[in-house]
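Visitor: Read off the chains here:
2 protein chains.
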Amino acid sequence: MKKIIHAVPNFSDGRREEVIAEVIKPFLNTPGVKLMGHFPDPDFNRTVIEALGEPAPLKKALMEMTEASVRLIDMNKQSGDHPRIGAQDTIPIFPLQNITLDECKEFIEEIAVDIHKKFNLPVYFSGENARCEERKALGFIRKGQYEGLKEVVHTDERKPDIGERKLHPSAGAIICSAGIKPLVAFNVILDSNRLDIAKKIAKSVRGPSGGFSTVRAVGLLFEDRDQVCVSMNMFDFEKTPLYRTYEFIKREAARYGIGTAGTELVGTLRQEALVSVAEYFLQLEDFDRGQIIENHMIG
Amino acid sequence: MKKIIHAVPNFSDGRREEVIAEVIKPFLNTPGVKLMGHFPDPDFNRTVIEALGEPAPLKKALMEMTEASVRLIDMNKQSGDHPRIGAQDTIPIFPLQNITLDECKEFIEEIAVDIHKKFNLPVYFSGENARCEERKALGFIRKGQYEGLKEVVHTDERKPDIGERKLHPSAGAIICSAGIKPLVAFNVILDSNRLDIAKKIAKSVRGPSGGFSTVRAVGLLFEDRDQVCVSMNMFDFEKTPLYRTYEFIKREAARYGIGTAGTELVGTLRQEALVSVAEYFLQLEDFDRGQIIENHMIG
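Protein chains in written order, with our numbering: chain A, 1 to 299; chain B, 1 to 299.
Just chain A, same shape as in the assembly:
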């Protein structure tokens, strides 16, 4: 069975079609690598790439992608609604098949060293590669964003993990990480336009304010449908499955006499995230994942 890594790189352009096409190109042209999708967001001015690949060709594609981002995106001119510190802002990877987290950690360290060497980009490590507790999540690393980081990058607290204590003059810096599994972005839409209620429920479901420890959530208004939404990042769909947050939100909303209008899954997710939902609602006993025919077609 082949070793396969899942990569979800984010770069800081979600508006210029020709730039986006150039940055994603390596994932289309490299045998052994597959582009599952790319999701440009003009408001965020940022594009998420979803890709799979065997280690060697994936490394090649990630290097070429970074070369294109560094060449085409000038952080001194870039702006958007999403926090960022560099042109090729993040490269998070996850083990997918026949590869361990440790191997992925090593893989991304090698890429980070090469990126610094070739493009003179300073590197921050997060996730399982973080050098200290506070760099595990992105919030602290991104504090002040590109503009703010430029001012404090020389301090002990904010210095890069690889490279000198200064940013690349146009491409800023990059965050590299390996993690055990990618987050699932799950929106539960309420049959109501009361944003205050969506915010209250978001607060109740997210870990830091007393909810599920693996969940982060905000309340949002979807203007086009005049409905509010509890928008979640679920960081561990095994410890906290989708059905649990769904049922929880349904119950909390019922307290206000509000029903759930629908849900959305944004981006990709593992089959298991949905199989566990079916298993729960059907009260399925002793279900072996080998019973799914398609699981025998993966090689």
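Don't take each hint at face value.
Remember, identical chains collapse to one label, so a pair may be satisfied in a single copy or spanning two.
Calculated lysine-lysine pairs in the BS3-like style (CA-CA distance at most 30 Å, straight line) [said to hold, decoys possible]:
#1 118 <-> 250
#2 3 <-> 199
#3 60 <-> 136
#4 199 <-> 159
#5 203 <-> 150
#6 239 <-> 105
#7 34 <-> 3
Hints in this document: simulated from the structure, not taken from any laboratory.
This structure is a prediction, so every number in the text was calculated from the model and none was measured.
Following the hints, complete the assembly by docking chain B onto the known chain A.
Guide: Relative to the frame of chain A, chain B by itself:
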């Protein structure tokens, strides 16, 4: 993308380990073919094989399997609880990837001709290959089973579709078919030991007595757990999804004050049969199957 066929051959031994090992061996030894599982049932005295393969190697494996069944199983001595007319009783196949139903129909016709030529087995066609309406399902073809068929095989009504009007002296006959999709075997277990209620609910859910047209069902007692079960064969999980029969049975059982204790899926099924369940219960909107990471790993 490779052409892949799903085959679910049944042969008439579920007791003798050495016979079973010999009959399934071609699926273990043939490159381009994958054995997903095999399920011997000693009471039925019958084994179900679940396999996948590209057409040419799959044909090779199916021929070798049939050779072993014909050589090792004597229908004059065989007995069991499951209806059967021959040693290699059935070969049903289904298109799985990049292949049409018509191609599968042609594929199984070729195999049937070869089986008759090589082993002198008479062949009946069922499913989409049936030569007349009444041979589409297995009931009519199997009426009287091996012993009874021997007496009537010379009649116009019961004569084989390929071969003379007589059975193979030890191996009986074989039923070959292609179909659009395999059935899903789904058991809903009730928190009760009232077999009369399970039978009533089975009657209400199955097509012939007024229920779902794609569903067949019986009520059974599971003695080991002292609970009854509505045991279904669901012939089209897309037209009649799993969640619909589950919710229906739950509702019917509630009328007697009985809850559902659990469910079981027997054998293999398509991923879609479970994804549609998750989609339903989560009220999921616009979910693209390409969002499932594993679906990009199938080649």
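Visitor: Please write out, lowest number first, the hints stated earlier that are contradicted by the structure.
Guide: 1, 2, 4 and 5
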